[in-house]
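Those sequence lines, one after another, are chains C and X. With my numbering, letter number 108 in the first sequence gets 107, and the count goes up by one each step, no holes. With my numbering, letter number 18 in the second sequence gets 23, and the count goes up by one each step, no holes.
Think of the hints as simulated: they come from the structure by calculation, not from any bench. As the structure is a computational prediction, the values presented were derived from the model and not from experiment. Heads up, a few of these hints could be off.
[As the list claims (entries may be wrong)] Listed below are the simulated PhoX-like cross-link pairs for lysine-lysine, each with C-alpha atoms no more than 20 Å apart in a straight line:
(1) K151/C - K203/C
(2) K18/X - K302/C
(3) K71/X - K327/C
[Stated by the list, open to error] Just so you have them, the derived chain C footprint on chain X, three or more residues with Cβ under 8 Å:
(4) 68-77
(5) 120-133
Beta carbons: idealized from backbone N, C-alpha and C, even for Gly.
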Amino acid sequence: MPFIPHTQDDVRRMLEVIGVGQIEDLFDEIPDDLRCGELEHVPEGLSEMEVAALMQARAREDGQPLCFIGAGAYDHHIPAAVWQIATRGEYYSAYTPYQAEASQGTLQLLYEYQSMMTALMAMDVSNASLYDGASGLAEAVLMAVRANRKSKSRRILVPRTLNPAYRKTVRTIVGNQNIELVEVAFDPVTGRTDREALQAHAGKDFAAIVIPQPNFFGVLEDADALTDFAHANGMLAIAVVNPLVMAVLQPPGEWGTDGGGADIACGEGQPLGAPLASGGPYFGFMCARQSLVRQMPGRIIGKTVDLEGKTGYALTLQAREQHIRRSKATSNICTNQGLLVTAATIHMALLGGEGLARVAASCHRNTAALLQQLTGIDGVERLFDGPVFHEGVLRLAAPVAEILRSLAAHNVLGGYDLGDDYPELGNALLVCATELRTEGEMSEYAGKLARIMAARTQAKCPVEPKFS
Amino acid sequence: MSNDVPSELKYTKSHEWVRVEGDGIAAVGITDHAQELLGDLVFVELPEVGVELGAGAECAVVESVKAASDVYCPVSGEVVEVNEALAEAPETINQDAYEEGWIFRLRLTVPGELDALMDADSYAEHSESDEH
Numbered sequence: 000m001p002f003i004p005h006t007q008d009d010v011r012r013m014l015e016v017i018g019v020g021q022i023e024d025l026f027d028e029i030p031d032d033l034r035c036g037e038l039e040h041v042p043e044g045l046s047e048m049e050v051a052a053l054m055q056a057r058a059r060e061d062g063q064p065l066c067f068i069g070a071g072a073y074d075h076h077i078p079a080a081v082w083q084i085a086t087r088g089e090y091y092s093a094y095t096p097y098q099a100e101a102s103q104g105t106l107q108l109l110y111e112y113q114s115m116m117t118a119l120m121a122m123d124v125s126n127a128s129l130y131d132g133a134s135g136l137a138e139a140v141l142m143a144v145r146a147n148r149k150s151k152s153r154r155i156l157v158p159r160t161l162n163p164a165y166r167k168t169v170r171t172i173v174g175n176q177n178i179e180l181v182e183v184a185f186d187p188v189t190g191r192t193d194r195e196a197l198q199a200h201a202g203k204d205f206a207a208i209v210i211p212q213p214n215f216f217g218v219l220e221d222a223d224a225l226t227d228f229a230h231a232n233g234m235l236a237i238a239v240v241n242p243l244v245m246a247v248l249q250p251p252g253e254w255g256t257d258g259g260g261a262d263i264a265c266g267e268g269q270p271l272g273a274p275l276a277s278g279g280p281y282f283g284f285m286c287a288r289q290s291l292v293r294q295m296p297g298r299i300i301g302k303t304v305d306l307e308g309k310t311g312y313a314l315t316l317q318a319r320e321q322h323i324r325r326s327k328a329t330s331n332i333c334t335n336q337g338l339l340v341t342a343a344t345i346h347m348a349l350l351g352g353e354g355l356a357r358v359a360a361s362c363h364r365n366t367a368a369l370l371q372q373l374t375g376i377d378g379v380e381r382l383f384d385g386p387v388f389h390e391g392v393l394r395l396a397a398p399v400a401e402i403l404r405s406l407a408a409h410n411v412l413g414g415y416d417l418g419d420d421y422p423e424l425g426n427a428l429l430v431c432a433t434e435l436r437t438e439g440e441m442s443e444y445a446g447k448l449a450r451i452m453a454a455r456t457q458a459k460c461p462v463e464p465k466f467s
Numbered sequence: 006m007s008n009d010v011p012s013e014l015k016y017t018k019s020h021e022w023v024r025v026e027g028d029g030i031a032a033v034g035i036t037d038h039a040q041e042l043l044g045d046l047v048f049v050e051l052p053e054v055g056v057e058l059g060a061g062a063e064c065a066v067v068e069s070v071k072a073a074s075d076v077y078c079p080v081s082g083e084v085v086e087v088n089e090a091l092a093e094a095p096e097t098i099n100q101d102a103y104e105e106g107w108i109f110r111l112r113l114t115v116p117g118e119l120d121a122l123m124d125a126d127s128y129a130e131h132s133e134s135d136e137h
């Protein structure tokens with residue numbers, strides 16, 4: 000579907016028809032004190048050549064370091080075909096088209112995406128995506144508060160093992176809607192959500208509990224027990240999962256000892272074909288059980304037949320949405336991350352279930368090997384004993400920020416410093432090795448870390464210098 | 006066009022009807038006129054049994070192929086029963102708005118509020134004028 004902007008002449012003629020002098024007059028009814036006025040600090044436009052030069056300079060700053068950071072975004076192989084196909088003119092748009100008759104290709108793709116996500120998550124329904132994992136979770140929290148009519152509270156249990164960026168984002172989005180996020184501590188030995196801390200909330204009124212799998216430390220939570228806890232206490236279970244990992248682990252739709260499953264599953268779609276790209280754009284996904292579909296935000300594409308009985312695709316259940324329901328819509332989100340979802344759909348189609356499982360298994364194997372190598376270094380030890388998927392936490396005998404700086408100087412991104420988010424953990428470093436990391440690269444990392452640690456902990460020279 | 010407006014019921018301007026059933030219980034639904042304006046219903050969101058509603062409170066949503074519309078509680082009361090059959094067959098309201106298409110039953114807490122509602126004649130006039 001081509002995007003053709005209005006010409007100045009189009010605009011002038013449209014304004015003439017409706018009897019308005021200039022576009023600005025259309026915004027008259029908005030009180031002046033709510034208008035931001037002229038935007039300051041917006042630089043002058045640049046030519047294409049200047050933009051290209053600027054972007055190349057910035058790309059050089061990034062360099063091509065060896066990446067051992069996960070922490071929510073992961074360095075995976077993306078088959079060349081993914082973006083070759085995704086950037087075809089027919090697909091190259093971020094928007095869901097309203098006009099079904101002009102957009103069957105895009106709509107079918109979104110329908111296939113939804114089908115793949117429900118299969119991966121073992122859930123009944125999927126929307127056509129949200130902005131990213133963190134905002135997707137905020138939407139899931141709002142959805143749970145609407146949907147859990149047994150609960151009178153607007154309180155949500157949020158484990159501290161959830162990605163800190165997600166906790167902040169959710170707080171920002173739902174904080175002004177009288178929704179309270181109550182944090183649950185983790186067990187310092189296992190790195191999992193603490194059973195006793197959780198039990199302290201049993202029998203109290205919460206709308207939902209968030210269940211991260213794997214959690215931010217890479218540790219596998221006891222998803223069955225957490226789901227059981229939710230349902231035994233009248234809470235909805237909101238799964239926050241890494242979609243790639245769900246190719247090998249039990250998916251949210253099967254959690255709980257009765258296999259009844261989580262009620263909502265959401266997360267970050269980046270591992271499915273989106274490059275790291277300095278933090279985005281990525282996409283969020285959301286799935287739910289059928290009975291909650293009318294409380295789910297976002298676009299949903301349905302499959303139907305036309306008057307001649309031919310298959311067609313169309314937006315469905317739109318009464319949930321802003322353009323129909325106005326202020327009572329399930330969300331102010333009426334769009335999705337169409338382009339990233341296009342890439343993800345092609346990525347999943349190319350890899351298939353088996354391919355995704357092999358990538359996930361390979362990440363697990365590499366991370367296990369990396370952790371083993373790194374913990375062989377003096378002053379480096381594992382922090383938690385809970386089983387991990389493709390990330391793990393190390394404790395260093397030196398300040399993490401300094402070690403990471405030294406590694407960066409050797410062109411290695413050594414991991415994510417947990418110090419700011421979890422000061423109680425001391426010098427804690429979160430590391431990850433995806434399927435892309437070779438044995439050679441992991442040895443290179445281990446070698447450099449060993450030298451840096453040794454240099455720091457070496458006994459001081461007994462002969463003090465005579466001048467300073 | 007004229008719609009069925011049973012004389013024994015009470016009505017609101019927002020097109021709900023109330024049937025007083027004795028023992029302080031009243032059934033509530035939307036009028037034939039309302040269902041016709043909405044068109045084919047595809048979903049009804051029912052209130053929770055046990056919830057206390059004030060007069061004028063939003064208590065249900067009726068969704069059709071062309072619109073979604075709130076249902077307002079005509080008089081104060083506690084919801085004692087909801088029409089679960091509507092979950093599977095929302096079109097019941099299109100077919101029989103006043104009998105099989107009831108939405109919920111209330112135990113009235115301020116029965117005097119019934120006097121403020123419209124009778125069938127007033128409602129028929131109101132809904133006629135609504136069409137212009």
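**OP:** Could you check the structure against the hints above and give me the numbers of any it violates, in ascending order?
**Re:** Checked against the structure, the hints that fail are numbers 2, 5, while the rest are satisfied.
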